[in-house]
Structure formats: structure tokens, C-alpha cells
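Keeping the supplied structure of chain A fixed, place chains B and C upon it in accordance with the hints.
Now for the letters of each chain:
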Amino acid sequence: MLNTNRKKLLEVDGLKQYFNKGQKTEVRAVDDISFYIEEGETFGLVGESGCGKSTTGRSIIRLYTPTAGRILFDGEDIARIRSRAEILRFRRDAQMIFQDPYASLNPRMKVKDIVAEGIDLHDPAKNARERDERVYRMLELVGLDESHADRYPHEFSGGQRQRIGIARALALKPRFIVCDEPISALDVSIQAQVVNLLQDLQKSQNLTYLFIAHDLSMVKFISDRIGVMYYGKLVEVGPSEEIYNYGVHPYTESLLSAIPLPDPEYERSRKRIAYIPQPPGADAKLRAVAPGHFVYCTEAEATAYQEKRNKRVCS
Amino acid sequence: MAVATILNVRDLHVSFDTFAGKVRALRGVAFDLHKGETLAIVGESGSGKSVTGRSIMRLLAPTANIERGSVLFKGADLLKSGEKRMQAIRGREISMIFQDPMTSLDPTMTIGNQIMESYRKHMRASKGAARARALELLDIVGIPDAKRRFSHYPHQFSGGQRQRIVIAIALICDPEILIADEPTTALDVTIQAQILNLMKDIQKKVSTSIIFVTHDLGVVANVADRVAVMYAGRIVEVGRTDEIFYSPRHPYTWGLLCSMPTLYETGERLYAIPGTPPNMLHPPAGDAFHLRNPYAMGIDAKEAPPLFQISETHYAATWLLDPRSPAAEPPEVIQKKRRSLC
Amino acid sequence: MKDDRSIVDIDANNGTGVGTASADPHDFSPLKLENAAYEREKNESPSLNFMQDSWRRIRKNRSALISMVVLVLLIGVAFTSIWLFPHDPNRQNLAHSNLPPKIPGVTVRGFDGTAADNSGGGAFIDKYAAEGVPEGVYYYLGTDNLGRDLLARLLGGMRVSLLIAFVAAFLDLTIGVTYGLVSGLFGERVDSVMQRILEVLAGIPNLVVLILMLTIFKPGIFTIILAMIVTGWISMARIVRAQTMKLKNQEYVLAAVTLGQSKAVIAAKHILPNISGVVIVQMMFSIPQAIFFEAFLSFIGLGLRPPEASLGTLLNEGYKAFRVLPYQMWVPTVTLSVLMISFNLLADGLRDAFDPKMKE
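Protein chains in written order, with numbering that gives the first Met the number 0: chain A, 0 to 314; chain B, 0 to 341; chain C, 0 to 359.
I should point out that these hints are in silico values taken from the structure, not numbers from a laboratory. From the three backbone atoms N, C-alpha and C, an ideal C-beta is built for every residue, glycine too. Just so you know, not all the hints are guaranteed correct.
Lysine to any residue pairs mimicking SDA-like chemistry, simulated, CA-CA at most 25 Å apart [said to hold, decoys possible]:
| id | chain 1 | residue 1 | chain 2 | residue 2 |
| --- | --- | --- | --- | --- |
| 1 | C | K262 | C | R188 |
| 2 | A | K270 | B | L197 |
| 3 | C | K247 | A | Y101 |
| 4 | A | K23 | C | I299 |
Derived CB-CB ranges, DEER-like [to be verified]:
| id | chain 1 | residue 1 | chain 2 | residue 2 | range |
| --- | --- | --- | --- | --- | --- |
| 5 | C | M244 | A | R5 | 57 to 67 Å |
| 6 | B | K83 | C | T177 | 50 to 60 Å |
| 7 | B | K203 | A | N244 | 55 to 65 Å |
| 8 | C | R195 | A | P279 | 54 to 64 Å |
| 9 | A | D12 | C | K262 | 23 to 33 Å |
| 10 | A | V26 | C | A263 | 51 to 61 Å |
| 11 | B | H154 | C | A263 | 37 to 47 Å |
| 12 | B | M108 | A | V26 | 28 to 38 Å |
| 13 | A | R81 | C | A263 | 17 to 27 Å |
The shape of chain A in the complex, shown without the other chains:
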């Protein structure tokens, strides 16, 4: 899966996002993280509530102004852009899909106006007919149809609403989409529909995803590479099969051991690993333990992790 020739579409370098900086209530939601996403791939970001994964997504999409660090999107540092024209240009390329299908659509707008909002803003249609046509095309793309365009969001089920949110994001023909827990509020049977849709769209529209979720098994399934976050830090990054099978950071191990699988035999025999947080060493940073697989650790720990990983690969 790893293809070193692919272009890096997004490069996050030393991103920090603090809230209430300098005050007593300062929160270091994202504390110096770095990673990249290649064009056409899905990068999964997992972690538990409050670990900063959603904040990372929102900083990247510039819903927040980053405290420090660089966010290179297609070579341009979008952490620095200020002018409205520059921001608008970035918005065309980068969009977001939200978590709560009940809160992410304006209840007072018709579906077609929701979907057309971006069209009106960036690339207005010449007349109402053309606008409708474009909305219908977007609706069809996400598995809905014309008859839904004149209705209000409350008439739809959660899965349908999520499709509308996806259509809204796609209307600008973006290249990069931040998916902020897009399926965690949906029913099991609907989750699979939305995941399939996202994967189909990725192929047909040539999209790059940052997929944020707390469900490691779903993230592993949909992502090419995974980053594991813990309290504002990225503790482990690597190809998804590698992390899922040979994740070596103690936090990743505890996370992996905690996912309940729909398999009673396995569940009976499973051993849970509890994570006891250790203060990171002074020179802790992301260090490679295998090609493309990095762990947040000190020099000395890196060797130990490397051995641990290799032992598991052999067994």
C-alpha cells in the first residue's frame, strides 16, 4: 500500500492548538504534533474523548487559528493565511463532514439550499435551473434523489442526513475532506452504508481523507495509515495493518486490547492491557521502529520498541 512516489497533500508540522493561552485555564488541546497525508490516501486519527483529535481536524480546516506550527496544504502554509481571498481558495479545496447528523444541517433550510450553499458562494449557477441540476447531481452522487431536494432536514433519518452533509461538502469538488467522526452517531447497519459511500466517493472523486474516530476497528478498516493520539500528543503513526497488528506503544496496546469484537470465543480469551501513563522522557519524539512506523519515545525506548515489534512479527 505504501507508495513513496505519491505527493504529500497535507503536511502538519509542530502543530499546537492551545485554548485560553497564558491564563490559568490554559488547555493544550493539541501539543506539537506532526504528520503528513498523501494524495488519495485515508489517514485515520484515533484516540479517546478529549485527546485532541477533533481539535486537530478543526485546526487543519482552519475553524481555529493554530497557536503554532505549520500546516502545509499543497505547499502553502494555511496556518498563516489571513486574507479572505486566500481563505476562500483553501475552502474550495478542503471540506469537512461532521459527527452529529442532527446538528450539522440547518433545520430552517431546504435540502437543496443546504447543498447549494457552497455553490452559491464559490461558483454561482447562472440560473435557478442550473442550480437545481447541480444539486440533483450531488444528491444522486450520495445515493439520494431529486425528490429529496425540496424537503427539510427533520424529515430524514440519521443516515440520510449524513448523506446530505456529504453532498454539501462535495459540492465544491474539494480534494481533501476532514471526516470528524462521521459514523459514530449512526446505527450499525447505517454505518456500513456511509463507510461504503465514503470509499466509493474517494475512488470516483479522487479524494484525500483525514478520518477522525474513536473506534479503532473502523479506522483500521477504512484507513491506509493511522495516527494514535493521547492527550494532545501523537503517540504512534504507521500503516493501518502495522499499527493494528504490531502497535507497540503501551497506549496503543491498551486501546487495541479494549475494542470489543463481535466474536464470543475471542472475547472469552482476551486479555486487557491497562495503560499506566508514564511521563515522557526529555528527548521524546516520534522515532521509527519499522519503515513508516513511528512511536513517540526516547532514543532508548525506541530500541526496546523495535525489538518488541520484531518479535511479534516473527511469532
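Structure of chains B and C alone, referenced to chain A:
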């Protein structure tokens, strides 16, 4: 093996009056709860799984009507018991824990008082005895340093600890039945794992019967002895956990199991049940699942299937089990799973 | 690439051909899943937007509906009477002073032109005859001590009250809503400064504001409106700010930001429509307050002054003669009460209609 049954739910019909009309939440739910077992009720939102738990406790909203059915507990029908009798049962003989530990604790009361409250009320215990019992329970549910934390308020505890306290409150009177309504849904996975382990440990010690309501099949596989799958206000399949996971017979169960990503390699295409859950204002005629069922037959659209017995413990409500229907094979993923087990 | 075969082969069972619905209840032939039919199935009910839905609810609320009808009637009568009932409310006719109400064809005591004789004894005499009022002259609500037609004065007073109501609503909607939206949407420093200003303004009682105004301006409707401009919109601004704060972190607002929408459009398109219910309800509650404010000021002599007619001045004149000529106070009292109760009940009804969850 003869099993002692502690609770019988029979033909339970519940509806809710809403502005738009009558929502038929339960349409004939029936099951038994055995002594000391964990019965998981799984289903999607709107399937009626939570309503089932609340109906047993008679904790339904005022807009709800219990139209038909019975809930037999110790020879008495709980649906016909007076409110006084229910108050004596709630917390004493049947306890319930809810999804959100934030809202099920009173923020203005110390947790010590909250834990003791029900014990003093039901057991008429002295303050000293209640305190001793509460400390014992806090120890069992794994709150360290219980003596000191006894006088703390709920906001001083983390989400996982709060859920432990909620469990302690539910268990203090040694209830015979514990109804857990999505008790781990609001928690992170690592905390969820701890709480599930805790519930299993406690059950071993006190042999309470547990009704575990959840939407998460992984959790079910972890905690349940038996599983009831609900769809559109009915139980469509019920059986021992292994039967449900390794040889399911209802197409809805097939669909649910097949949409779990853990059964697939990265990059494969997930199986997705088509369509959306039914609108219970107008439940579909016949088998409610037939609109989304790739195996649907003509009869499904007209007549609701009865529960067919598959084994002593395993039942499923689908016409596919009728001898007249064509043979239907479960999806490949499940078969693969079964083969890998042999 | 992995093979793209779907896991469940839908057609596996369809070897015998597509099953169609037949009359046979024991039909075990496979049914063809009609693609997307299930998607539409749910959406058959007619599409109701927010306003239609609210209207449906308010129609079920009897007191709100009656209040609405009463208000429409009062407003209609107060303004059409400018042309249909062209009596000058300030015209004096000393010969006809203190006449009781007299309505043609009505013989109910109190409305037939009779009143208890002042000289004592309690006998009812026809005041109109006693004062020598010509036949065919009727004062439906009687006259005051200067012989002015009370009905004309009442209608004039109502017009003043309704003007004040309109001004209050207008100020709420313009200054109040804008101030709250700006403060809530920009947040941080802008919000801090705007809220401090608001606290200072809210700290001064509006009576004090008005008295300060009176050092420069003459008492009258203009001064009352000026005082309202200073403080009348503050509670609206606070409510709008709180609601905006709540909504601006909703995901649909964030979605608009990621689309590149400007703050002004977000306020107008995404926030305002979603708080319109709260805004209307707050407005309906501030209207009776404003009406009462004016009546009160006029009553104590800081508002409109006689001979100008307002419910406040009518009350002032009426209460002096209440013991002997009670109708002079009853008329403005009942009108004021009906106006205020109607606005309040309507506001209550609207609140329930806009936010059915709040009721439960």
C-alpha cells in the same frame, strides 16, 4: 438442564402518543430471563430495546401506553402492580442503570449519601450499617480510597468512576435483576472494557440476573450468555451467544454481523443492510424487515413470521425457516467465520 | 485490489425468477428488493416547514388564539376609528360634562345614560335629560369633567399605547437583535466590551433615564421613546447573545464557516432563522412592559400630559372621580388590562408553539 426463570415477559405491546400519531414501540415482545444469566438485548435506535427495559421497571414517559402483555416477576404481573408496590421493587429487587452517568447522579448530593439512600429506604438500615454496606460496595466496584471519597460530589469523579458509583447504587440492595440500558455507550473504549469486566466479576459474586441493553455487538459478545435481537418492536432472534454469533438464522442478524468492519481486511467492501430503519408510526406490514431484506419472499410482505424453534435455546422469526421456503445460505463472511472456528 | 464481489449475493435466490406480489398468502417466492423504494417510503408525509408547524400548534392553544383575535380587533378598531369615528378626543363641551355612558337601544343600567343622583338618596336619574343634552346625542362611554367624549379619548389612548408597542418591538428587533448577534458571534474581546456597556446601561433604572431626559426635553411621547431607545432593548440583546453563543458552535454553523461563509451571512441565514422563535416570544413579552411603562409615566405626570389622551392620563383623571363616577376609571383600566393580558397570553402561546420541548 433445567434453568430457573426469574422474569417472564409475554406479548408486550407499548405505544407512544406523539403529535404525528401513535408510535408503535413494542409489538409483542416476549422473553424469559434465567437466574444468574446475562441476557443482552441488541437492536438499533428505535427497535424498542430501551423501551423494553423501561417497561419492566414501569419507568415510561406519561405519553406511553402499555396496551397488552404481562411481565411476570415472582408470580405477580408487574404491569398490574400499583405504584407503591413498584417503588418497593425498584432499587430493591430490580435495579436499573442508565447510559449517562452524568445525569443519573444528583450533582448536589455527596456520593456517599446517594449510595446509602436506597439502602436505608429499602432495608430500613441504620446510618452506620448503611455506611458500612456502601463502603463495601464502593470497594467492590473499584473506587479506591472509598472512605475519603465518600463525602465527595459527583463532579469530582471521572466518567468511568461515576458509572462505577451508579453500579454500586444499583447493587446495594442485592437486587435479583439488574437492567443495564447502554451502560457503556457514553464511555471511552478503555473505560468501557473496565466497566464490562467489573459487571462480569460482580455477577460471579452475587449472581444477579442482568438484562443488558446495547447496540454494540462487540459488547454483546463480551458480556452476554444469551442474546435477543430486536427489530421494529419485536424480537426477531434469540439464542445462546454462540448460536447468535456463529450460526445466526435471521437475515437481519446476518446483516448486522456482516456490517462489522472487524470481519474484513482493510480495503474490502463492507456489507451494508440497505435502506433505513422503519418508521414506527407506520410499521411495515408483514415482516417489518422485508423492505430491507435481500432474502425477502412474497409472504414476508403479508404476514409476520412466528418464532421458529431451531434448537432448545435458539429461536428466530423468519419465514426462511419455514419448510416451504427455498434454502437460503447465510452470507459468506459468517460462513468464513464459522469455518475458521472448526 | 481485492475482489469487489458483494458479500451477500442478492440474486442468489432469484434463480426461479422475480417474485411478484400475488394474492396467495403462502407465497414463498423471492421478492425483488425495489431499489431505493425504502428510502422514499419514510418521506411520504407532506413537508411542513417551521412556520406551518408552529401555526398548527398555536391553533390548538385556545387562550393564545383568543388573545390574537382580541388584539387584531383592538388594533383594527383603534386605527380605523381615525376615519370612521372622527371625534376629536380633545374637544371640550362643558355643557356635557360628566355624562354617564349611553348607548342607543341599550337599557342596561350604567349604559342607558342614568346615574345615581349626586344630591343623595340613591335614586337614578337620567343625566342626559337633567343636563339638557339634545335627543339623539349619545356618548357611548360617557364624558369626563370637561365634557370630552371618553370613547374618543380611549381610542386616542389606545393608539398611543399601540404606537409604544410598535416602537418597543422595533427597537427589540433592530438594536436588540443586532447588538446580541454581533456580541455573540464575534465573542472574545468584542463581546467583553459590548457586555460591559450593556451592564452599565442596564444598571440605570429607566425612570432615572427618563428624568434625566426631562431636563432637556419636554415630557411627551418623544421623550418616552428616547428613554426606550437607551434601555428598552437590553433584555432582547442579552437573550439573542446567549442564543447566538449556543448556536455558533453547532455543527451546521461550523459547516457554513468551512464553506467560507462570512459572519454577516452566517448571522442572517444560519443563526437568525433558528432563534426567530425566541426573538418573537421575547418581543411579545417586552411589548406589554412598554405599554405599562408609558401608562405609568403618564399617570404620574412624567409622560404624556393632559389634554393629550393616553391610557395613563385617562387613569389619572379617572381615579380622582372614581368614588362618584367609576366608569371614568373602569374604561381605561379594563382596556389596559385586556391589552396586557392578550399580549402576555399570546407570547406564552407562541413560546409553546415555537419550542414544544420547553413545555414538557
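Violating hint indices (sorted, rising)
Of the numbered hints, 4, 5, 7, 8, 10 do not hold.
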